[in-house]
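Chains as they are written, first to last, in numbering that gives the first Met the number 0: chain A, 0 to 612; chain B, 0 to 282.
Calculated directly from the structure, the hints in this document are not laboratory data. Mixed in with the good hints, there may be bad ones.
What the hints assert, rightly or not - Calculated pairs, PhoX-like style, for lysine-lysine (alpha carbon to alpha carbon, straight line, at most 25 Å): (1) A:Lys559 - A:Lys28; (2) B:Lys43 - A:Lys575; (3) A:Lys575 - A:Lys208; (4) B:Lys48 - A:Lys575; (5) A:Lys496 - A:Lys317; (6) A:Lys575 - A:Lys585; (7) B:Lys144 - B:Lys199; (8) A:Lys559 - A:Lys208; (9) B:Lys159 - B:Lys92; (10) A:Lys576 - B:Lys47; (11) A:Lys214 - A:Lys585; (12) B:Lys48 - A:Lys576; (13) A:Lys531 - A:Lys40; (14) A:Lys40 - A:Lys28; (15) A:Lys576 - B:Lys202; (16) A:Lys40 - A:Lys559; (17) A:Lys208 - A:Lys40; (18) A:Lys496 - B:Lys159; (19) A:Lys532 - A:Lys28; (20) A:Lys40 - A:Lys576; (21) A:Lys214 - A:Lys559; (22) A:Lys496 - B:Lys43; (23) A:Lys575 - B:Lys92.
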Amino acid sequence: MEAVVTSPVEEHGHGHEHDHEHHESFIRKYIFSTDHKTIAKQFLGSALFFLFVGGAMALILRWQLAYPGEALPLIGSMLSDRFVSDGVVQPGFFMQMTTMHASVMIFLVIIPLAVGFFGNLCIPLMIGTDDMAFPTLNMFSFWLVPPAAFFLMIGFFHESGAAAAGWTHYPPLSVIGGFGHYMWTIGVFFVGFSSILGAVNYIATVLNKRAPGMKMFDMPLTVWALFITAILAALGTPVLAADLAILFFDQFFHSSFFIPEGWVVADYPNNGGGQPILFQHLFWFYSHPAVYIMLLPVMGVASDVLATFSRKPVYGYKAMVFAIMAIAFLGFIVWGHHMFQSGMNPLLGTTFMLSTIVIAVPSAIKTFNWLGTLWRGSITFSVPMLHALAFVATFVVGGLSGIFMAAAPADVFIHDTYFIVAHIHYVLFGGSLFGIFAGIQYWYPKLFGRRQNETWGQIHFWLTFIFFNLTFFPMHLLGIGGHMRRISDPNVYDFLKPFAGMNEFITICAIILGFAQLILVVNMLMSFKLGKKASRNPWRANSLEWAAPSPPVGHGNFDKPLRSYRGPYEFSLPGKKRDYLPQWKKPAKSESAEESAKQAAGGNGQAAGGGGH
Amino acid sequence: MLDYFPENVSSVGIEHDELFALIYYICVGIFVLVNVVLLVFLIKYRRKKGVRAYHFHGDNLVEFVWTLLPTVLFAGLGFYSDDLWTRMKYQDKVPQADVEIDVMGQQFLWHIRYPGPDGVFGDKIPAEMSSSNPFGIDPKDPNGKDDLVVQNTFNLPINKMIVVHLSSVDVLHSFFLPNFRIKNDAVPGLWIDVWFDCFKAGKYELACAELCGSGHYAMRGVVNMQSEEDYNTWLQGKYDAVTASLQPENSTAEVASPAAESTEAAEEEIVVEESVTEEEAAH
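All chains, full assembly: derive it from the sequences and hints.
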């Protein structure tokens, strides 16, 4: 009974609790901070910045595809002659754009957001602790991002341009590509270093720093997903590092790990004896799990958001945990499906086809459980919920289009076409980015202590959802038409000429989609000052982060000692006055006391939590 | 959606299109099912005053059922697909060839080698590979002297089993014949067999599908599928030219010349071919 009376919900005005016991310098507090919340904000800020950088690159290449040979509007005249001639995108620059768009979005936007931002924001708060296990390591893992970005981008300032061998960076092209390619290798190495440092920290934190009483199977699915993701990153990233190190030797010292005998390239000494496909094996051994590194955390976020706004426990919590584990495990034995047409022994194609098709099963389980969570719920269409629902709907498309390429003979035709581009964007934009938006909207009040403007949030969601689908769904059709990816002028081919109109349509939708993202950022920035002050638990959720003030207290997060008593999804318990029972609420002394509490609750009509938001 | 496929002209393409259609119908079915259920739930279970959500943590039997069903469905699909895969790609199941050619990718063109009037390919030696001799034809092998090498545009007969030995001289390329549903990477240092047949005469485009540099988009070839008589006439014309070029220098036998001269011949061929396609496009 006490639990209900002392509810902190609807309490306002925690504005004066930032009385720091020890004064920190500006640099320690905002730049080289070891506080996980500040590091989360840093990851968020840098990733949102690069989201626009990567988005601008996408629009440049979309312009060229829709209007080949026409000058870029606005920026065409500003770009160097190395990139454009009379404002028209040159084929080499187009390749730099495809390569760097993907590299930036994957290495500087989605991985930092899904792992860096959510990991830092959610893990300590949701397991009810003051900070990461290794705060300094945590700070270091963020500060590896700027050098990574520097090395990835520096090629633009060199006469030979940035990396242009595709984000997959296959040798021999990447070996002979020049300065930008060498720097790219170093840049991604830094990203990997950052991932590994983050991963060990997350694993240690989850295992050691859970609030008293919190069992592993009492953790919210977001934490579970981040924990498994960290294990994936810790096991997978070193392989990428090894691969890049070998590539680096080939690039700088002509070691020919990936260069075979009998190879005609001017100005490159060839010692022979290598095998280009080896690079692909090592690369995809990391980069396929990397897709799950970008996806699993947002699956957790979506589960939490769906439960909160359906006022229902997550359907099949343990099945969800086991499905995450199954995806992580299977994720390590499916990499060959990227290589069905690569010249890899086709016998391996059979093996990888079967393992890949089986990985659809845990994804299906998760989808069914999300539907089960909604079933007989009481659903509110808040902004985070809309993004989470969009995640479910579009992830289904991305998952199903994956079946086509998993079936190796069906992959023959669509491999390296826009079907693949459509698929990866349904997974990484429709999946990851909608999930990330859901999480940003959901935890914004906790992180910044303010509510965002709901109307603008809705406008941003609907514009994004509609134009996302209009941009990327037609790409399936292009792919079925045989439209290759990474070609700067489809009009070279007669069989692609009928698709000119579709390419133009996609580009127009992509431009609107890109500009719609400004709404997200402007809404976030404006709400820093103008947003309503957020209460501790604005969504009436159950997990431990909502026990902390909004924003959480400086170093330490929680203003009172915390203990976890139950799982994170006790929504709509029958016989209770309120439709949620947070993890930190002390249970009544015994079962009988619980019973009497229930009866008493019946008469206590004015408890605060039930109001509609 | 399936209408967007380019016209299919190969027997393996028929099987490919059938499998693709099967997966397509399965996936559309699942997509509609999931999204209809989602929409119904969103409408039916939207928040209403006085209605509380049902506190329920799930059911193991349900979990078991919806784990088993997709497992059976997808694993079944995998095993079903494997038959076509083994026949398409397994190197020990490549059919008996009626016509064999070598195809070599190079930034940014395709070299195609025919065995020449003697009907035998010259040996390939990696160390001999150069821009003028992309296949690395052994200068000491008499069989190699009459080998015919053309660029980008080449002819093949219909209703015959064609086996392509595929490789690359520099970076990765990918041999993509959209109308034949054929794609395989061309990998330097590796010879891969790709096979197809064709039941309809016509000119079909050959594309590079693996990023190979800034000229990747323009690495286009054309395969002219002809009736057997037309093909033989074309080939004989080419071979006569090769034989003629070998005649005067019989004794001094400059070894690299056949490939080089045929390259020149082929370049003329490309010019002709392109003007033809431009005319076609104009009509």
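Structure-based check of all given hints:
{"no.": "1", "hint": "A:Lys559 - A:Lys28", "verdict": "23 Å, holds"}
{"no.": "2", "hint": "B:Lys43 - A:Lys575", "verdict": "24 Å, holds"}
{"no.": "3", "hint": "A:Lys575 - A:Lys208", "verdict": "31 Å, violated"}
{"no.": "4", "hint": "B:Lys48 - A:Lys575", "verdict": "16 Å, holds"}
{"no.": "5", "hint": "A:Lys496 - A:Lys317", "verdict": "51 Å, violated"}
{"no.": "6", "hint": "A:Lys575 - A:Lys585", "verdict": "14 Å, holds"}
{"no.": "7", "hint": "B:Lys144 - B:Lys199", "verdict": "33 Å, violated"}
{"no.": "8", "hint": "A:Lys559 - A:Lys208", "verdict": "16 Å, holds"}
{"no.": "9", "hint": "B:Lys159 - B:Lys92", "verdict": "17 Å, holds"}
{"no.": "10", "hint": "A:Lys576 - B:Lys47", "verdict": "17 Å, holds"}
{"no.": "11", "hint": "A:Lys214 - A:Lys585", "verdict": "16 Å, holds"}
{"no.": "12", "hint": "B:Lys48 - A:Lys576", "verdict": "15 Å, holds"}
{"no.": "13", "hint": "A:Lys531 - A:Lys40", "verdict": "20 Å, holds"}
{"no.": "14", "hint": "A:Lys40 - A:Lys28", "verdict": "12 Å, holds"}
{"no.": "15", "hint": "A:Lys576 - B:Lys202", "verdict": "75 Å, violated"}
{"no.": "16", "hint": "A:Lys40 - A:Lys559", "verdict": "24 Å, holds"}
{"no.": "17", "hint": "A:Lys208 - A:Lys40", "verdict": "22 Å, holds"}
{"no.": "18", "hint": "A:Lys496 - B:Lys159", "verdict": "30 Å, violated"}
{"no.": "19", "hint": "A:Lys532 - A:Lys28", "verdict": "23 Å, holds"}
{"no.": "20", "hint": "A:Lys40 - A:Lys576", "verdict": "37 Å, violated"}
{"no.": "21", "hint": "A:Lys214 - A:Lys559", "verdict": "20 Å, holds"}
{"no.": "22", "hint": "A:Lys496 - B:Lys43", "verdict": "46 Å, violated"}
{"no.": "23", "hint": "A:Lys575 - B:Lys92", "verdict": "68 Å, violated"}
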